[in-house]
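Could you build all of it, start to finish, from the sequences and the hints given here?
Just so you know, the protein sequences line up as chains A and B, in that order.
Oh and the first sequence: position 152 is 152 in my numbering, straight run, nothing missing.
Oh and the second sequence: position 315 is 735 in my numbering, straight run, nothing missing.
Since the hints were derived computationally from the structure, they do not count as laboratory data.
Each residue gets a CB set at the ideal place from its N, CA and C atoms; glycine is no exception.
Treat the hints with care, since some could be wrong.
[As the list claims (entries may be wrong)] So, partial list: chain A residues that the calculated Cβ filter (under 8 Å) puts toward chain B:
(1) Arg80
(2) Leu83
(3) Ala164
(4) Leu179
(5) Thr180
(6) Phe185
(7) Ser205
(8) Thr209
(9) Glu390
There are 2 protein chains.
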Amino acid sequence: MPKPNAFYAQSGGVTSVINASAAGAIETARANKDRIGRVLAGRNGIIGALTEDLIDTSKEPARAIAALMHTPGGAFGSCRYKLKGLDTHRAQYERLLDVFRAHDIRYFFYNGGNDSADTCLKVSQIAESLGYPLTAVHVPKTVDNDLAVTDNCPGFGSVAKYVATSMREAAFDVASMALTSTKVFVLEVMGRHAGWITAAVGLASDETTPIPLVLLFPEIPFDEAKFLQAVDERTKAFGYCCVGVSEGLRNAEGRLMAEAGTRDAFGHAQLGGVGPLIAKLVKDRLNYKYHWAVADYLQRAARHLASKTDVEQAYAVGKAAVELALSGKNAVMPAIVRVSDKPYRWKIGVAPLSEVANTEKMLPRDYVSDDGYGITDKARAYLVPLIKGEAPPPYRDGLPQYVRLKNVEVPKKLASTFEP
Amino acid sequence: MPKPNAFYAQSGGVTSVINASAAGAIETARANKDRIGRVLAGRNGIIGALTEDLIDTSKEPARAIAALMHTPGGAFGSCRYKLKGLDTHRAQYERLLDVFRAHDIRYFFYNGGNDSADTCLKVSQIAESLGYPLTAVHVPKTVDNDLAVTDNCPGFGSVAKYVATSMREAAFDVASMALTSTKVFVLEVMGRHAGWITAAVGLASDETTPIPLVLLFPEIPFDEAKFLQAVDERTKAFGYCCVGVSEGLRNAEGRLMAEAGTRDAFGHAQLGGVGPLIAKLVKDRLNYKYHWAVADYLQRAARHLASKTDVEQAYAVGKAAVELALSGKNAVMPAIVRVSDKPYRWKIGVAPLSEVANTEKMLPRDYVSDDGYGITDKARAYLVPLIKGEAPPPYRDGLPQYVRLKNVEVPKKLASTFEP
Numbered sequence: 001m002p003k004p005n006a007f008y009a010q011s012g013g014v015t016s017v018i019n020a021s022a023a024g025a026i027e028t029a030r031a032n033k034d035r036i037g038r039v040l041a042g043r044n045g046i047i048g049a050l051t052e053d054l055i056d057t058s059k060e061p062a063r064a065i066a067a068l069m070h071t072p073g074g075a076f077g078s079c080r081y082k083l084k085g086l087d088t089h090r091a092q093y094e095r096l097l098d099v100f101r102a103h104d105i106r107y108f109f110y111n112g113g114n115d116s117a118d119t120c121l122k123v124s125q126i127a128e129s130l131g132y133p134l135t136a137v138h139v140p141k142t143v144d145n146d147l148a149v150t151d152n153c154p155g156f157g158s159v160a161k162y163v164a165t166s167m168r169e170a171a172f173d174v175a176s177m178a179l180t181s182t183k184v185f186v187l188e189v190m191g192r193h194a195g196w197i198t199a200a201v202g203l204a205s206d207e208t209t210p211i212p213l214v215l216l217f218p219e220i221p222f223d224e225a226k227f228l229q230a231v232d233e234r235t236k237a238f239g240y241c242c243v244g245v246s247e248g249l250r251n252a253e254g255r256l257m258a259e260a261g262t263r264d265a266f267g268h269a270q271l272g273g274v275g276p277l278i279a280k281l282v283k284d285r286l287n288y289k290y291h292w293a294v295a296d297y298l299q300r301a302a303r304h305l306a307s308k309t310d311v312e313q314a315y316a317v318g319k320a321a322v323e324l325a326l327s328g329k330n331a332v333m334p335a336i337v338r339v340s341d342k343p344y345r346w347k348i349g350v351a352p353l354s355e356v357a358n359t360e361k362m363l364p365r366d367y368v369s370d371d372g373y374g375i376t377d378k379a380r381a382y383l384v385p386l387i388k389g390e391a392p393p394p395y396r397d398g399l400p401q402y403v404r405l406k407n408v409e410v411p412k413k414l415a416s417t418f419e420p
Numbered sequence: 421m422p423k424p425n426a427f428y429a430q431s432g433g434v435t436s437v438i439n440a441s442a443a444g445a446i447e448t449a450r451a452n453k454d455r456i457g458r459v460l461a462g463r464n465g466i467i468g469a470l471t472e473d474l475i476d477t478s479k480e481p482a483r484a485i486a487a488l489m490h491t492p493g494g495a496f497g498s499c500r501y502k503l504k505g506l507d508t509h510r511a512q513y514e515r516l517l518d519v520f521r522a523h524d525i526r527y528f529f530y531n532g533g534n535d536s537a538d539t540c541l542k543v544s545q546i547a548e549s550l551g552y553p554l555t556a557v558h559v560p561k562t563v564d565n566d567l568a569v570t571d572n573c574p575g576f577g578s579v580a581k582y583v584a585t586s587m588r589e590a591a592f593d594v595a596s597m598a599l600t601s602t603k604v605f606v607l608e609v610m611g612r613h614a615g616w617i618t619a620a621v622g623l624a625s626d627e628t629t630p631i632p633l634v635l636l637f638p639e640i641p642f643d644e645a646k647f648l649q650a651v652d653e654r655t656k657a658f659g660y661c662c663v664g665v666s667e668g669l670r671n672a673e674g675r676l677m678a679e680a681g682t683r684d685a686f687g688h689a690q691l692g693g694v695g696p697l698i699a700k701l702v703k704d705r706l707n708y709k710y711h712w713a714v715a716d717y718l719q720r721a722a723r724h725l726a727s728k729t730d731v732e733q734a735y736a737v738g739k740a741a742v743e744l745a746l747s748g749k750n751a752v753m754p755a756i757v758r759v760s761d762k763p764y765r766w767k768i769g770v771a772p773l774s775e776v777a778n779t780e781k782m783l784p785r786d787y788v789s790d791d792g793y794g795i796t797d798k799a800r801a802y803l804v805p806l807i808k809g810e811a812p813p814p815y816r817d818g819l820p821q822y823v824r825l826k827n828v829e830v831p832k833k834l835a836s837t838f839e840p
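If you want it as structure tokens, here you go:
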């Protein structure tokens, strides 16, 4: 008798290690063939489930699944598509269950951030209310590191390593040119609401490699005069200054400093451009020659510089999700629990989705220095373990070799279609 | 009897491997103690020579010099400062010789691009005309890869590896999100006049990993309608499109698409911003959701992703410069000579500075595909060997460990000062 199938989908902005979570889930399901049939993945995330566009991961050889460990992006496609309220858009949820029923899907693994944790919770609720036997487990992912309960989020450690490394390298460049060229360098980083990535820029500077930094956190309202003074002081003292600025920097009125004007499917403003804005300000007011960089997707796709800790944790939460489901846990998320800082030790715990969904974990104020422009020792103790270790991908002809799956479609079984 | 000293300085924009050339020169000088006393480095490039601000590299332990092999930026400081004409500003050149005479400097190693090759030539000429015994050798360096005679320039291979890797990684990200999010991604890269770095972006896509790319070279005038058609075609066919654009992109009238308005010490326009401009154009005319990144200094400082070939060649030209000087060659530059493509083999040759100075090597038209938006097999055959091999720096606590030298000042001997 065939075993029930599992559904796995990736949601929201991808990371350089979300595929490692996919590998963890799929390999663990394959290791439990006596209880799970096939893992069917949603093409382009939850949209694949709604439109019955499913990928049969059993068609992929073991080596392709293993190669997901070192491949950035979302191997099955992801999407920015948020299911609406259960009361107002019940048909969407019923459609999901129709598809699950048609393909004998009894396990629902949803790999995403806050929004998808909420979706995962709602799916588990409607399944229960309709009497459909579904076990729903959320797999944490987000570069923003803003998920509640879990000590950190897979995806964040690698971005943190990337921005800290990039700023350190740029600082060596700027320092050597500052006498006659660029004196102020500005790096814009991601992190819409929470300053975790901005804080990670602070790791570029440490005792052995001090760098004059000014960090602009999204949580701290931008004070132009005070900022310019901080940059001027450091530039006069060290000959140069490096600024790390969050894309989500806001002014005292709470307005984004750089509002691009467009919004994504969740209604979030599409950001970008605060880096050049800050650089221009420095030039106009202090007359220092400047350069700026906007890493944008490069930071969250940079699998070549992934944190080994991050890769391992991403795999672990994918694996744990399947194990939790098999042990009968429903509407939960495997969380990373920090056991100790030095040496860094962690384990997998369990968080109820009701505590995770739609909650944002902001950077604690005591992770930011008193002047608001740096990080504290407490922040370092938290951040350093997350960027530790290297996990380079294989290279050929000088370039990383990333896998593209075959992504074989599962034949449709439903007569009806659905417009998401 | 003390041996004559050598002078070494870094000039112009630094690279992730220029310090490997410094290591090559200093270690080779140290290995020839019977003929060269100390290597004195100019603090902040040639300005250090003019102001008698010299660094005694003999104060650095061997392990610090060895660590230059994996440290980006310019370890002694570089500068954007071009010596003016010999006829009009003879005093500058005479000042250089005063400083050299005071410190018994008989070897002049100048590590830079076109401008510094010209300076190196002029210094050798005035030394000869004034009867001062100086051997001047230029050490090639530039991320732009636009130096004449040499097959390629140290510094370029690592930038090429960085931009190709970054675009490949971003493409995996964009491809997985394109259905509901970003469809067009734009990466702005360096390369003021010559499209070598833009061409390297083309390596992101190959037979095993095809990526829909549109490259905008500085040599090919921007044709808006044709460009938009190319982007639209690829986006419709593949669901997404990646654009690599040179900071030096020009319109049909030869004007820079993004002129920042400021100019550096050489009178070159300070560029930046064509990436967002192109992205906005795609949004306005084609209405595709876009993202853009400007890697700026990150690309030329990214020692963590350096090409092993590049590091080896950077060291080799530093080493060869000293060997050439010791063999009596004057007003020359060690050049990289390509012996074969497959397998890639290279050796060091010798180029007279008169053939190198102030000449720019542009990207050949037959390296660019007929439509002007891609690279040819000929370009690949040239480029691939240059990005081959990895040479990661040591890491500690998750971050690359780069060396900062003590940079001990040589006591001044001249009563006079000089304002450069």
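query: Which numbered hints does this structure break?
result: 2 and 7
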